Amino acid sequence: MTQSPQLSLDFDFRPSMSGEDYLVSDCNAAAVAWLDRWPDWPAPFVVIYGESGCGKTHLAEVFRQATGAKLVKLENDDPYEMMGQATSGVIDDVQECVQENERALFHLYNYAKENNAHILITANKAPAYWNINLADLKSRLGTAPAIEIGQPDDRLMQAIVIKLFNDRQIQLEPDVITYMVSRMERSFEQVRRLVAEIDRQSLSQKRRITIPLVRSVLQTDD
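Under this note's numbering, the letters of the sequence shown match residues 6 to 227, in that order.
It is possible that some hints are incorrect.
Simulated pairs of lysine-lysine, DSBU-like, Cα-Cα distance not exceeding 30 Å [to be verified]:
hint, residue 1, residue 2
1, Lys78, Lys118
2, Lys75, Lys143
3, Lys143, Lys168
4, Lys168, Lys130
5, Lys130, Lys75
What follows is a set of in silico ranges between Cβ atoms, one per label pair, in the way DEER data are often shown [stated by the list, open to error]:
hint, residue 1, residue 2, range
6, Ser221, Gln100, 28 to 38 Å
7, Arg188, Gly147, 40 to 50 Å
8, Asp172, Leu218, 14 to 24 Å
9, Tyr85, Ser187, 50 to 60 Å
Calculated from the structure, these hints are not laboratory results.
Quick caveat: nothing in here was measured; it's all calculated off a predicted structure.
Built from N, CA and C at the ideal position, the CB exists for glycine as well.
Just need the whole structure built from these sequences, with the hints factored in.
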């Protein structure tokens, strides 16, 4: 089965040790460009934010693997304990813990600035919406570049679907891909889950992956 030219994988791939390449498109190109500038960042923190499922955690993992950054946990107020010997770090989903750990994040910022270290932070919203009470931390976060990742468009979603099926040695007809993308939720987590379930149903039912099979999986998922 062949794929039409408009469904080809014409994207920049960023390899990840997780085995899932990161595809660069308009919705995430600005964030990727900032990470490519590392370690030439104008501030100790760089924040990548976007709605759940936009791929920011995956991008942070690509960055961590490429740079050797430490996965930082805001578990105490000692930045030397948090960072160890690392000169770069990643804090994923900071909005889950920032309100209980404002002082830890404040000390980490000062540590990073004094030691020429860099921390990549991911969040659902820009720092201005983090509801921070510590004024000194709020002012420091105001100097951090904050880059939004948008939700993937149809072209990127098609490329992700093709790649994930190709990883399973499966090629689909273009109309099946178009049908799936036009009816699924716009998130990277959702497409990975749907591809796995469609493959599972295809194997268990001994059916080719066609529009009726995809439709049945999507209807079950609703």
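Outcome of the hint check:
For the suggested pair Lys78 and Lys118, the alpha carbons sit about 18 Å apart, so the restraint of at most 30 Å is met. For the proposed pair Lys75 and Lys143, the alpha carbon gap of about 24 Å is at most 30 Å, so the pair holds. As the CA atoms of Lys143 and Lys168 are separated by approximately 41 Å, the hinted pair breaks the 30 Å bound. Distance check on the hinted pair: Lys168 and Lys130 sit about 29 Å apart at the alpha-carbon level, within 30 Å; holds.
Using a Cα cut-off of 30 Å, the hinted pair Lys130 and Lys75 holds, with the two alpha carbons roughly 22 Å apart. Our hint of 28 to 38 Å for Ser221 and Gln100 holds, since their Cβ atoms are close to 36 Å apart. Distance hint for Arg188 and Gly147: a CB-CB separation of about 41 Å, consistent with the stated range 40 to 50 Å. Against the hinted window of 14 to 24 Å, the Cβ-Cβ separation of Asp172 and Leu218 comes to about 19 Å, which satisfies the hint.
In this structure, Tyr85 and Ser187 meet the distance hint of 50 to 60 Å, their C-beta atoms being roughly 51 Å apart.
Taken one by one, the earlier hints fail for this structure only at number 3.
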